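Undergrad: Here's the letter readout for the chains.
4 protein chains.
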Amino acid sequence: MTTHYPLSEIPPDIVCADDYERHAREALPHSTYEHIASGSGDEITLRGNRDAFQQVQILPRMLRRFDRASAQLSLFGDRYASPMVVAPLAYQQLAHPEGELATAAAADALDCGFVCSTLASCSLERVASAGRSPKWFQLYFQASRANTLALVRRAEQAGYRAIVVTVDSSVTGIRNRSQRAGFALPDNVQAANLRELAPPPPRPLKQDESIILNGIMADAPDWDELAWLRSQTALPLIVKGIIHPEDARQALLLGADGLVVSNHGGRSLDGCPASLRMLPLIRRTVDAFAASHPHRTAATVLLDSGIRRGSDVFKALALGADAVLLGRPCFYALSVAGALGVAHLLRTLKEEFELTLALSGCQTPADISRDAVIIPRDFSPDIPGCETNHATDH
Amino acid sequence: MTTHYPLSEIPPDIVCADDYERHAREALPHSTYEHIASGSGDEITLRGNRDAFQQVQILPRMLRRFDRASAQLSLFGDRYASPMVVAPLAYQQLAHPEGELATAAAADALDCGFVCSTLASCSLERVASAGRSPKWFQLYFQASRANTLALVRRAEQAGYRAIVVTVDSSVTGIRNRSQRAGFALPDNVQAANLRELAPPPPRPLKQDESIILNGIMADAPDWDELAWLRSQTALPLIVKGIIHPEDARQALLLGADGLVVSNHGGRSLDGCPASLRMLPLIRRTVDAFAASHPHRTAATVLLDSGIRRGSDVFKALALGADAVLLGRPCFYALSVAGALGVAHLLRTLKEEFELTLALSGCQTPADISRDAVIIPRDFSPDIPGCETNHATDH
Amino acid sequence: MTTHYPLSEIPPDIVCADDYERHAREALPHSTYEHIASGSGDEITLRGNRDAFQQVQILPRMLRRFDRASAQLSLFGDRYASPMVVAPLAYQQLAHPEGELATAAAADALDCGFVCSTLASCSLERVASAGRSPKWFQLYFQASRANTLALVRRAEQAGYRAIVVTVDSSVTGIRNRSQRAGFALPDNVQAANLRELAPPPPRPLKQDESIILNGIMADAPDWDELAWLRSQTALPLIVKGIIHPEDARQALLLGADGLVVSNHGGRSLDGCPASLRMLPLIRRTVDAFAASHPHRTAATVLLDSGIRRGSDVFKALALGADAVLLGRPCFYALSVAGALGVAHLLRTLKEEFELTLALSGCQTPADISRDAVIIPRDFSPDIPGCETNHATDH
Amino acid sequence: MTTHYPLSEIPPDIVCADDYERHAREALPHSTYEHIASGSGDEITLRGNRDAFQQVQILPRMLRRFDRASAQLSLFGDRYASPMVVAPLAYQQLAHPEGELATAAAADALDCGFVCSTLASCSLERVASAGRSPKWFQLYFQASRANTLALVRRAEQAGYRAIVVTVDSSVTGIRNRSQRAGFALPDNVQAANLRELAPPPPRPLKQDESIILNGIMADAPDWDELAWLRSQTALPLIVKGIIHPEDARQALLLGADGLVVSNHGGRSLDGCPASLRMLPLIRRTVDAFAASHPHRTAATVLLDSGIRRGSDVFKALALGADAVLLGRPCFYALSVAGALGVAHLLRTLKEEFELTLALSGCQTPADISRDAVIIPRDFSPDIPGCETNHATDH
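Chains as they are written, first to last, in full-length UniProt numbering: chain W, 1 to 394; chain U, 1 to 394; chain Y, 1 to 394; chain V, 1 to 394.
The shape of chain W in the complex, shown without the other chains (with noise of 0.2 Å):
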């Protein structure tokens, strides 16, 4: 593996997110870039988020008035400078040594949200103590109860605002490219969090038993295992992973106070659908619910995997969500240039989202309409049970 010196200066060839993946292809070592950058299987569903947001067109007005404008958004009673959210990114000590602590104070230093991963290569306490803008803290299930307490309330304990459980990902996905690089995670770089759980005894096989579908799968969690996370926290709770309507309805029965409308960056099943395409289903499901519970307070809508640009936030603001995750470009920022590197992205990406909003006529995100937009016929798909999302269907 080759030594990295991440810059201290940003270049003048960098001025927006790709560049910043291109500049990181070089910075970091090749088999560190395969694994990050790539996707599962033969990377349909990596494409085609990206793809999803080149569908959709912004229809802009002109000479609308701007006298109360600003990109600023509440999530969960706190404020953000605007409605974008750093992703959990795992192992973070991959791009730099300071790993989820450089991220974090960039994030801080823009009043910007941010996720520490239960995979963090920084504990959970130290992440939180890194600037004081509202956190929160991404849960994987662990194989035990009480393994995932600990972790439930040492989030608790350290501050973090709410608990972001992760359920597309029991396995982990086909990933060929990390595989062909070889890929390894080096030794100094650790699940900082996980170092004290103890893991769990060997499930002995049966004959004929595959080890994926009856060895690890017999530990996934179930339905029950989240309504069990519910009945432990009184901290909003916000299910990451979410792609069907039913499985939004189902965790919003269960008590949900929030949806991530991802597949994981193309990383878990390859040829899953781009969550763009399935926002405006998972919108539609939550304002029902919405509609059928008045006392329950209406759950908020993440979109996840894709993000490039400023005008892709204000796609998926159309679309249905309340605020974006943004990931793999804050890892290619953090291993460019550290925490320098990830705030001008974060700045540069929110300057691009107001653009978008000055240039499409709309003062706030709460401006941002389904008619702002222009969606292809069938860019969702028909569900049945759900209603129909035609370009027609205003």
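One thing to keep in mind: the hints can contain errors.
Identical copies carry no separate label here, and so any pair may be met within one copy or between two of them.
Stated by the list, open to error - In silico SDA-like cross-links for lysine to any residue, where the CA-CA straight-line distance does not exceed 25 Å:
no., residue 1, residue 2
1, K206, Q232
2, K206, R64
3, K206, P365
4, K206, T172
5, K206, R161
6, K206, D367
7, K206, A90
8, K206, D219
9, K206, Q363
10, K206, G131
11, K206, A105
12, K206, R79
These aren't lab readings, by the way, just hints derived from the structure by calculation. Model, not experiment: these values are computed from the prediction.
Starting from the known structure of chain W, arrange chains U, Y and V on it as the hints suggest.
TA: Below, chains U, Y and V alone, put in the same frame as chain W:
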């Protein structure tokens, strides 16, 4: 910056507009070429403009009579050789020392319309004197009404025949290619028309306010400004940068005499639909307005963004334009061979347009009906409140 | 121009029509290759012709009986080996010193139809004597009726079996690749049939008149000329270059015995739809005309532009053609290996067509019904006044 | 031909089926690779097979219970590890000296089904003895019933559990890449099963008769031959090469127990639709037949052509297949690393399939319903007389 010597004759391998772009890439300094050729953001709209033209097909009729054939047409009472007008391009001295004077002379030689930009590098008075063919003046609203009015009065005095007010550029779009190439206006190229106008005082921002949303946009014009402008001049008023049919209707209500359906050549909001796709909706809006306002002269519809061939002009007319504006190709031709290059370009495009008339069986621009083209289903979006525009809808 | 030595045997790597194009690119002078291979304008129509064939799929039936199988068919009373006819290609001495004589001899050897061009580089009389298989004469209207009639009379005398009058080329299309390559007809290649015809006197143009619209097009033929031509010959009259169903109907009303649905191989109006896409509409028009004119012999429908495979012939027949014309591939084969090359090409395509019959379960050309193919929705345009042509419409 | 040394271990950069193709390109003589890898004609169908899989998306469900999970299934009374069967591939000694014996041994090791080809390079009896897992015999109709029957009887004797009769290859498709590469069967590779069968006497052709249509096709089987074959054996009879639903129905009427929806891997009729696109129509036909013939065992539907991933197996099952045949990848793995390679390939694909089950929330193949996937509108064609298959049709 390398010195640029425009050619004094046209190389034999330049036989169409795209050939000028190819040569201009060599003739221009890299950063200037990048600045001109690029679109905003990921250039989705830039590519979309070209793609839209390629998707429209022409349905030729054979053996028709040609006994009254002509490509000429009238706009606002003036007669032109064809439905092509040179678009308002800023800072043409970037391309050639003679700048707008050379371009205007070429347009004059071909009886082609010409629009002088607020940001011309030669003063509007000098441009007005380049040839006798009628010209229009493009107006950017200035930060003060006094400054705006000063420009309008100078244009009236200099004999311009119409005001083309641009409304789609309150802020500058994201120009990443230009930024990466390090483009900056050279010292010897300036906005000649603005030299004596006092800049507005800086507006102080509160904490948490955005330079874009609360700084620049607070000075941006709104519909009230357009109404004011309408009241200040008797010249035909053309509103440039209309994409949404509702904005078209609003401009007409406020007294606009013409509209330019345009996305600023893909340089303003990336993700904006191709102007050609919006054209049929705007045309319908203009026709409906004319039908309900029989005492007003019917407004003129121009189309901007993506014209590279005489057949593109034909397609734009079939979809509802009265004429088109021609932008980047003129800049390229100017940079390659000065006035001679622009004249050659305009002649080539006019001949292409005439060949398209001849081969399609249309004697005049007025003969180009909607039935002369095939428009793919879903070419134009469905917009709530606007009538649909399907291929089956005749 | 480099000297060209045609091969005397077929290289083993030539196994299909496209292989001849690949070899011809080497065998021909660059400017000649560019002139022949290119389409007009941006070659949208050239590509569209090929694309259309690729979008039609063949639905094979298995285990059918083959006890009366044959690829042969009759056209205007003559029997041919398959539904393929060599198209009228101008100036074949550009490809080979023996020009049309070699091509005609090859067609004769394969019992394949052959059309001699007005612009043949060998006289129509010499071509007529090359082999005994029936041939047709392609006619361009001349500037004077006397000259046109002289050509018709010579064709009748020489024993041609039909007149194919081309109506889609009143002016030459935009041939940029040919222009850039500097193509010009060499001195030793001439339009042999026109040598003794007096050119028309030049037509003076008024000021502001266009050479194209008021010069060339003033001499262009119209429907009256077609009616006159019909009255002058008893030979079957085939009108070549029909794209619009209304023009098909008009030609039939004036007495045409056949139509060639063609866009001149993408060399005339760029942006014209693929002829294959218009074919079903033309076939419907021809059938409707035949139904309402029971005393007329039903007109023959030919298809031109884009045939490169035996399966393309199959697809054209399924969409309504009685037979197809084969253009550029013959020119390429002629340039690579003279008469031998053309014969090899025609045999290869005939075998491909026979294999397609065999594998699809069709015994004869007449067995190829619309149900034998899958046509994408929106493959053909909706034309006002013509019935629709959707995939669902059976 | 270069000598080929199969690997004795799997290189670490082989992690999926496509990696075997990449390595096989190096391992195999060029002409053999071209012969195997290529499709017929312009390879439209070859590409179409892959494209069809990429267009189907999987809609995952989260947090489902996995307490009875298994990838196993039964076919014709035998139990297999997963719904994957090794397809009948001719002449496997082209890939490896041990040929079919190595492939069969690998299938046996993985409890995977295996089909021995009529054109195997090892005798069907030797193949039958390679491992104890159940195998099927693929039958090509021979020119005489006696020869066909001899093969059936030998297969019965050798213990094959089903007859797979291929009906889509009466003539060989157009194999241009194979021709250009000069592929010919080497002397040491032969159709071992046919060595002792007397070839049919040559059939004399009349003048004007075609070798293809009147020679080869006169010997081709028809439905009467299938009825005869059905009457000759009590083994399950599977008809391979069905594309049209009407042919599926006809095969069922004549007593077929199973169907393979296949276009011969794009090697027979180029232009044939992807087998995956026809699958839903065939499944519907089979279900309708089963509903109207309650006393018959419901027929088994297999899918062939284009499987490269475990997720492809999942998609095929969701669209109506009971299991899939796996062709070229086995040949590539055999050529790269013999039995070891095939075993590794089969294990990799089985794990991919299990991961897809796990990530999509399906415990077993039977859980994979139509609702687990998103099928684009117009994915399958409308066929007159068959019910439609739109995405909206649930």
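Undergrad: Would you mind marking each hint as holding or not holding in the structure?
TA: Hints, verified against the model:
no.: 1; hint: K206 x Q232; in the structure: neither (35 Å within a copy, 43 Å between copies)
no.: 2; hint: K206 x R64; in the structure: between (69 Å within a copy, 22 Å between copies)
no.: 3; hint: K206 x P365; in the structure: between (55 Å within a copy, 20 Å between copies)
no.: 4; hint: K206 x T172; in the structure: within (23 Å within a copy, 48 Å between copies)
no.: 5; hint: K206 x R161; in the structure: neither (44 Å within a copy, 28 Å between copies)
no.: 6; hint: K206 x D367; in the structure: between (58 Å within a copy, 22 Å between copies)
no.: 7; hint: K206 x A90; in the structure: neither (34 Å within a copy, 37 Å between copies)
no.: 8; hint: K206 x D219; in the structure: within (16 Å within a copy, 54 Å between copies)
no.: 9; hint: K206 x Q363; in the structure: between (62 Å within a copy, 17 Å between copies)
no.: 10; hint: K206 x G131; in the structure: between (51 Å within a copy, 23 Å between copies)
no.: 11; hint: K206 x A105; in the structure: between (49 Å within a copy, 24 Å between copies)
no.: 12; hint: K206 x R79; in the structure: between (53 Å within a copy, 17 Å between copies)
In summary, the structure is inconsistent with hints 1, 5, 7 from the numbered list given earlier, while agreeing with the others.
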